[in-house]
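Student: One letter stands for each residue in the lines below.
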Amino acid sequence: MKRLAATLVSFSLIAGGASAAERTITEGANRMPTSADIRAVAPALETYAQQVIRGDLWNRPGLSPRDRSVVTVAALIARDQTVELPHYLALALDNGVKPAEVSEIITHLAFYTGWANAMDAIPAAREVFVNRNIGADQLPPVAGPKLPLDEAAERQRATRVGEQFGQITPRLVNYTTDVLFRDLWLRPDLAPRDRSLVTVSALIATGQVAQVTYHLNRAMDNGLTRDEAGELLGHLAFYAGWPNAFSAAPVVKDVIEKRSTAK
Amino acid sequence: MKRLAATLVSFSLIAGGASAAERTITEGANRMPTSADIRAVAPALETYAQQVIRGDLWNRPGLSPRDRSVVTVAALIARDQTVELPHYLALALDNGVKPAEVSEIITHLAFYTGWANAMDAIPAAREVFVNRNIGADQLPPVAGPKLPLDEAAERQRATRVGEQFGQITPRLVNYTTDVLFRDLWLRPDLAPRDRSLVTVSALIATGQVAQVTYHLNRAMDNGLTRDEAGELLGHLAFYAGWPNAFSAAPVVKDVIEKRSTAK
Amino acid sequence: MKRLAATLVSFSLIAGGASAAERTITEGANRMPTSADIRAVAPALETYAQQVIRGDLWNRPGLSPRDRSVVTVAALIARDQTVELPHYLALALDNGVKPAEVSEIITHLAFYTGWANAMDAIPAAREVFVNRNIGADQLPPVAGPKLPLDEAAERQRATRVGEQFGQITPRLVNYTTDVLFRDLWLRPDLAPRDRSLVTVSALIATGQVAQVTYHLNRAMDNGLTRDEAGELLGHLAFYAGWPNAFSAAPVVKDVIEKRSTAK
Numbered sequence: 001m002k003r004l005a006a007t008l009v010s011f012s013l014i015a016g017g018a019s020a021a022e023r024t025i026t027e028g029a030n031r032m033p034t035s036a037d038i039r040a041v042a043p044a045l046e047t048y049a050q051q052v053i054r055g056d057l058w059n060r061p062g063l064s065p066r067d068r069s070v071v072t073v074a075a076l077i078a079r080d081q082t083v084e085l086p087h088y089l090a091l092a093l094d095n096g097v098k099p100a101e102v103s104e105i106i107t108h109l110a111f112y113t114g115w116a117n118a119m120d121a122i123p124a125a126r127e128v129f130v131n132r133n134i135g136a137d138q139l140p141p142v143a144g145p146k147l148p149l150d151e152a153a154e155r156q157r158a159t160r161v162g163e164q165f166g167q168i169t170p171r172l173v174n175y176t177t178d179v180l181f182r183d184l185w186l187r188p189d190l191a192p193r194d195r196s197l198v199t200v201s202a203l204i205a206t207g208q209v210a211q212v213t214y215h216l217n218r219a220m221d222n223g224l225t226r227d228e229a230g231e232l233l234g235h236l237a238f239y240a241g242w243p244n245a246f247s248a249a250p251v252v253k254d255v256i257e258k259r260s261t262a263k
Numbered sequence: 264m265k266r267l268a269a270t271l272v273s274f275s276l277i278a279g280g281a282s283a284a285e286r287t288i289t290e291g292a293n294r295m296p297t298s299a300d301i302r303a304v305a306p307a308l309e310t311y312a313q314q315v316i317r318g319d320l321w322n323r324p325g326l327s328p329r330d331r332s333v334v335t336v337a338a339l340i341a342r343d344q345t346v347e348l349p350h351y352l353a354l355a356l357d358n359g360v361k362p363a364e365v366s367e368i369i370t371h372l373a374f375y376t377g378w379a380n381a382m383d384a385i386p387a388a389r390e391v392f393v394n395r396n397i398g399a400d401q402l403p404p405v406a407g408p409k410l411p412l413d414e415a416a417e418r419q420r421a422t423r424v425g426e427q428f429g430q431i432t433p434r435l436v437n438y439t440t441d442v443l444f445r446d447l448w449l450r451p452d453l454a455p456r457d458r459s460l461v462t463v464s465a466l467i468a469t470g471q472v473a474q475v476t477y478h479l480n481r482a483m484d485n486g487l488t489r490d491e492a493g494e495l496l497g498h499l500a501f502y503a504g505w506p507n508a509f510s511a512a513p514v515v516k517d518v519i520e521k522r523s524t525a526k
Numbered sequence: 527m528k529r530l531a532a533t534l535v536s537f538s539l540i541a542g543g544a545s546a547a548e549r550t551i552t553e554g555a556n557r558m559p560t561s562a563d564i565r566a567v568a569p570a571l572e573t574y575a576q577q578v579i580r581g582d583l584w585n586r587p588g589l590s591p592r593d594r595s596v597v598t599v600a601a602l603i604a605r606d607q608t609v610e611l612p613h614y615l616a617l618a619l620d621n622g623v624k625p626a627e628v629s630e631i632i633t634h635l636a637f638y639t640g641w642a643n644a645m646d647a648i649p650a651a652r653e654v655f656v657n658r659n660i661g662a663d664q665l666p667p668v669a670g671p672k673l674p675l676d677e678a679a680e681r682q683r684a685t686r687v688g689e690q691f692g693q694i695t696p697r698l699v700n701y702t703t704d705v706l707f708r709d710l711w712l713r714p715d716l717a718p719r720d721r722s723l724v725t726v727s728a729l730i731a732t733g734q735v736a737q738v739t740y741h742l743n744r745a746m747d748n749g750l751t752r753d754e755a756g757e758l759l760g761h762l763a764f765y766a767g768w769p770n771a772f773s774a775a776p777v778v779k780d781v782i783e784k785r786s787t788a789k
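Just so you know, the protein sequences line up as chains A, B and C, in that order. All residue numbers in the first sequence are consecutive under this note's numbering, ending with 263. All residue numbers in the second sequence are consecutive under this note's numbering, ending with 526. All residue numbers in the third sequence are consecutive under this note's numbering, ending with 789.
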């Protein structure tokens with residue numbers, strides 16, 4: 001309920017409020033269009049946003065506002081869309097995503113969507129952090145204790161990938177083990193379930209369905225529910241376009257059905 | 264012939280004219296490079312643009328300058344490329360695309376390419392509309408009479424999609440029916456054939472060939488000719504890159520051949 | 527060794543130097559984030575960049591710093607990521623890529639990634655060229671002597687593509703022969719092996735694996751080694767994201783294995 005209230009307050013910013021977050025948005029070189037800007041081009045578009053996205057989608061059960069924020073931010077970074085990012089990062093903080101989690105999401109997506117995508121997200125995040133006085137003490141340290149590793153599962157993964165690609169591209173295989181699965185994925189300030197949610201969202205948002213099977217299974221192993229996975233598709237339809245949602249739908253269906261049968 | 268003249272006049276803007284459209288282009292934060300800018304980096308590139316794109320492609324029969332404008336604007340918005348958008352939106356109006364159609368194209372692509380793509384197109388469209396004194400009276404209303412719906416065909420589509428994905432992602436399935444096929448697609452200010460042309464262009468321009476079959480059939484049901492479909496690929500090769508055109512070519516071929524056999 | 531030194535000098539720019547290249551970077555509307563900017567959001571991200579990318583990846587054998595620059599610039603242009611482009615173009619020149627090659631890479635990618643991608647790369651290249659006093663005398667001429675054409679191989683390619691798509695999209699087929707394979711690919715200021723390296727990098731960086739087989743074979747026919755192809759995947763994992771590298775890995779493997787068997 002508190003989260004929902006925060007969401008509604010945050011949305012009101014778009015409709016003409018004048019809080020810190022709104023000021024943030026107008027400062028960038030490419031500022032986010034206002035309601036008036038949108039209406040001057042496409043009045044129906046603004047009404048769809050108001051009624052369907054803000055009035056329905058974000059308030060639906062099935063996926064919490066906090067998770068919707070994680071998914072939206074991941075989609076925008078994966079698609080390198082920075083104009084609306086300050087707004088959605090501010091909304092993410094309002095919805096309960098911690099600054100340390102924002103920091104880890106950007107770091108994670110450097111690897112999963114390309115380094116420049118993470119670099120392009122830095123100015124927006126910096127702006128939002130500065131406006132809210134979020135300093136180094138709220139950010140994850142460079143090094144420190146890691147989450148425990150499931151050695152058997154990781155060895156199995158590494159063996160499989162090594163057999164497939166070790167001869168062809170040993171460097172890619174080694175980086176994947178050393179930097180990704182034995183380091184990045186074990187950083188404690190983003191829960192494994194959320195790290196998988198970010199990864200799956202980025203894959204769907206960029207049309208890279210081939211790897212959704214592995215990462216969605218991983219997400220569900222770590223606690224993402226079947227309903228959340230379905231609702232994720234409905235949410236990403238708006239933020240990554242209908243075709244990306246429908247390209248992923250058969251893969252999501254297949255993962256969910258195989259997991260049901262296996263039980 | 265009048266259209267061709269408009270096209271040539273519009274192109275002359277790039278080569279050094281000083282009309283309203285040109286001034287529009289230089290106002291943005293990231294202005295479109297001039298001929299001189301391009302020659303300072305790649306003289307051959309500017310010559311290809313002059314001889315092949317402006318001198319040949321846009322003047323070819325098979326696809327009208329008006330349709331080429333629709334396709335180009337759809338490709339740029341789908342690929343979130345906004346720097347050249349003010350120029351191509353101005354050219355679209357010169358080529359006979361109505362302001363109401365521009366408005367509907369952007370609204371349509373919010374759903375078919377992602378909300379942020381539409382948002383990122385707003386400033387360019389607003390700039391062009393302001394420069395031409397295009398006001399609210401020339402824009403489609405938020406609500407109003409809709410085009411007639413083919414209830415049987417829509418029920419068939421909804422049943423098929425519902426059977427496939429209704430269990431997994433009911434929200435996506437419902438939004439698709441209620442917001443897209445029983446609302447967006449029935450808005451009267453963009454003809455169904457043009458709405459399909461925009462959709463197919465966006466799909467090809469972003470490499471999402473899986474859904475080209477459905478939407479190209481729909482486009483051809485609504486009047487897109489076989490020659491126009493072929494010419495579309497030649498046009499998109501320049502605006503979305505050769506690989507996207509060639510990835511779509513087998514799908515376009517398959518659709519055209521199956522329709523010929525069926526007759 | 528000289529190249530490596532140049533690389534290290536160039537990297538020091540990011541870490542706080544104040545050379546011409548650094549000044550270049552800060553002039554753009556969307557400037558590249560500094561180390562301090564990155565640390566203010568994600569300290570770990572900056573450490574990964576320092577230790578893994580700058581400290582290891584670029585110094586690895588298997589792919590020269592010059593080739594890594596070609597690959598990185600191609601990936602950024604293909605993905606339309608311009609913020610870091612001035613830095614990587616400056617680094618490319620430091621690493622031995624000639625201005626004429628930069629010019630040809632941009633021209634080549636206009637066709638292979640979409641015209642707007644090339645247009646969006648012009649300001650960055652112009653900035654770097656101006657800063658280094660690179661004038662028209664160092665750029666490839668619009669026309670001039672071409673590389674020799676393997677008539678038999680080209681006729682075979684043209685026949686194959688013509689049979690597949692000549693009926694459906696004659697214009698695309700003709701442009702491919704006349705503008706691409708009998709003109710663009712024969713321009714002498716970018717070696718065929720490098721032109722293929724640029725093409726393959728762009729395809730992998732945008733997830734368009736369907737055409738990697740043809741172009742990687744062509745690259746290897748023109749001298750790209752098996753080790754370089756494998757190292758390319760490790761490099762692109764960072765600049766285009768892990769999923770794109772892993773989507774391409776089976777295709778690269780298949781090409782390399784089939785070539786081994788054929789010998």
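These are computed hints drawn from the structure, not numbers from a lab. Where is the CB? At the ideal position from N, CA and C, for every residue including glycine. One or more hints might be untrue.
[Claimed, not checked] Distance condition first, Cα-Cα at most 16 Å in a straight line; then the derived EDC-like pairs of lysine to aspartate or glutamate: (1) B:Lys361 - B:Asp413; (2) B:Lys516 - C:Asp780; (3) B:Lys516 - B:Glu491; (4) B:Lys361 - B:Asp400; (5) A:Lys98 - A:Asp137; (6) A:Lys258 - A:Asp221; (7) A:Lys253 - B:Glu426; (8) C:Lys779 - A:Asp137; (9) B:Lys516 - B:Asp490.
[Claimed, not checked] Over 12 Å on every C-beta distance to chain A, these chain B residues come out as not near it, computed from the model: (10) Arg329; (11) Ile385; (12) Arg389; (13) Pro404; (14) Asp413; (15) Glu414; (16) Val442; (17) Thr462; (18) Ala465; (19) Arg489; (20) Asp517; (21) Arg522; (22) Ser523.
Student: Hints broken by the structure, by number, lowest first?
Tutor: When the structure is compared with the hints, numbers 1, 2, 8, 11, 12, 13, 16, 17, 18 turn out to be violated.
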